[in-house]
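Asker: With chain D's structure known, arrange chain B on it following the hints.
Those protein sequence lines, which keep their order, are chains D and B.
Counted the way my numbering counts, the first sequence spans residues 1 to 292.
Counted the way my numbering counts, the second sequence spans residues 293 to 549.
I should point out that these hints are in silico values taken from the structure, not numbers from a laboratory.
Watch out, some of these pointers could steer you wrong.
Restraint-style ranges between C-beta atoms, simulated for each label pair [claimed, not checked]:
#1 D/SER185 <-> B/LYS548: 57 to 65 Å
#2 B/THR328 <-> D/VAL238: 46 to 54 Å
#3 B/CYS316 <-> D/ARG218: 22 to 30 Å
#4 B/ALA525 <-> D/SER185: 31 to 39 Å
Partial selection, computed: residues in chain D whose CB lies under 7 Å from chain B [stated by the list, open to error]:
#5 PRO5
#6 PHE56
#7 HIS60
#8 ALA127
#9 THR131
#10 THR195
#11 VAL282
For each residue, glycine too, the CB sits at the ideal point set by N, CA and C.
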Amino acid sequence: MHPAPSVIVFTTLSGLGFGLLFWLGAGLITPTGWAGFAFFAIAYILAVGGLLASTFHLGHPERALKAFTQWRTSWLSREGCAAVSALVIMALYGAGLIFLDARWAPLGWLGAALSLGVTFTTSMIYAQMRTIPRWRTWLTPALLLAISLAGGALLAGRITLAIALLTIAALFQIAWWVRGDGALSRSGTDLKTATGLGPIGAPRAFEPPHTGTNYLLREFVHVVGRRHAQKLRIIALVLGYVLPVMLLGLPGGHLTAGLAVLSHIAGIAASRWLFFAEAEHVVGLYYGKRHA
Amino acid sequence: MTALPPATPRKLGLVIDLDTCVGCHACVISCKGWNTENYGAPLSDQRPYGEDPSGTFLNRVHSYEVQPLATSAAPHPAAQLVHFPKSCLHCEDAPCVTVCPTGASYKRAEDGIVLVNESDCIGCGLCAWACPYGAREMDAEEGVMKKCTLCVDRIYNENLPEIDRVPTCVRTCPAGARHFGDFNDPDSGVSTLTAARGGFDLMPEQGTRPVNKYLPPRPRDTLDAAPQTDILAPFLDTPLDEPQGFVAWLDRALSKV
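Chain D with its partners taken away, still in its complex shape:
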């Protein structure tokens, strides 16, 4: 899959923002006044910034309102509904904390559940794709939720919790990579089933339908070198999980915490780039670009 920068920025930042909103709503931290304003501002900048970035890849962003209508069937529509309701509920809850010094706990819990729901619905957009065997697993929502919660705890400044959740997220990350590497060959979809020529013998792509490129090749047939990918996985693992955990162990207050957050964001962005770049869409089989 083409690793579109807008979608990488969106899933990375929004995941972090909604993770922080979850912990705010759940009552892990209840900052009031200016402190409350700072926390909510960070969460909203990340969550809303990410959502805005995601509209950049739309062909017709001016029709985006229509995307709230098909929540019965579409995970993308559910994501939109969850995002808007989470942002509205958490704005009310935040206003209570910031301006009235009042914590409306049930409202916070509802907002927390919706914030978690945003990350879950985002992950299901990917996990539902039978066409991309690497994504089609319960590990995809587990991974994205773990990253969101870990990042949220990191931003909330809860060091012990952040270390625990970052460790869990790292384990899910490794499990997701290991499972994903054999997913296409295990899926049963190959050039034989794609062409139906399997009963005759082993087909080989002889000539593509077009000499130039096209939308399908640009969007779905992104091939990333294996050695290149392994290097990026190590970078993602170190920056996203290992380094933040080590920095959190050091005394240094806001400085090391800030470095931990930046390192985490960079690592998750690398992981998210790989999430798309390594994903093999089965349409690549028709072009002989997959070797399952």
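Answerer: Chain B alone, transformed into the frame defined by chain D:
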């Protein structure tokens, strides 16, 4: 509405005969022509005469080489070249429809054609992600998703002579490799062809239940299966075994070096 209809009274689709297709790409061109000049946004091209040309097509013809397995009857079967036209299969469980967030993508309840309402499409591309066949292409000029309409503006079009009320790819095919009809009617041409020739689904394991069927290529004739009679042999001179004259001297001289 992006929920799929439970069942459709008619099930319109294509049968594509991989035995007959000669790979001429006429269906590709006529599809591009009709669907650029008629319903919906035109199928645009980017830099068609420049570097790195690209464009939107709803029907494309791949070519595959397949090596049949050896049998006792045919110990050295020749490889077969199979031309493979591919367009939307109008699946019964179309994953492209249910993922659409706006309801732009839908499957018609009356005849099962999968269409895009272009004025509702936000161009998110998710339907193309969900399609295993690469049947949907985002138009780079219009920013909306384009796909085969089964020439919905031809098949019901009473302004056209009756013979033309089929998808343009079917009408154009000079080899008769594409057939159009109702799969819900057991006596239709497409149903009888599918039954007689063992029509199959592409990627059945994807669970899409495609309406379009493909007919397998027949085994090719094998030269070594029948006793060979080379009718030209008696008329051909026996080739020279030994060189003569200057060439023979050169051959001998060079052999000694």
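Asker: Quick check: which numbered hints come out false for this structure?
Answerer: 4, 5, 6 and 8
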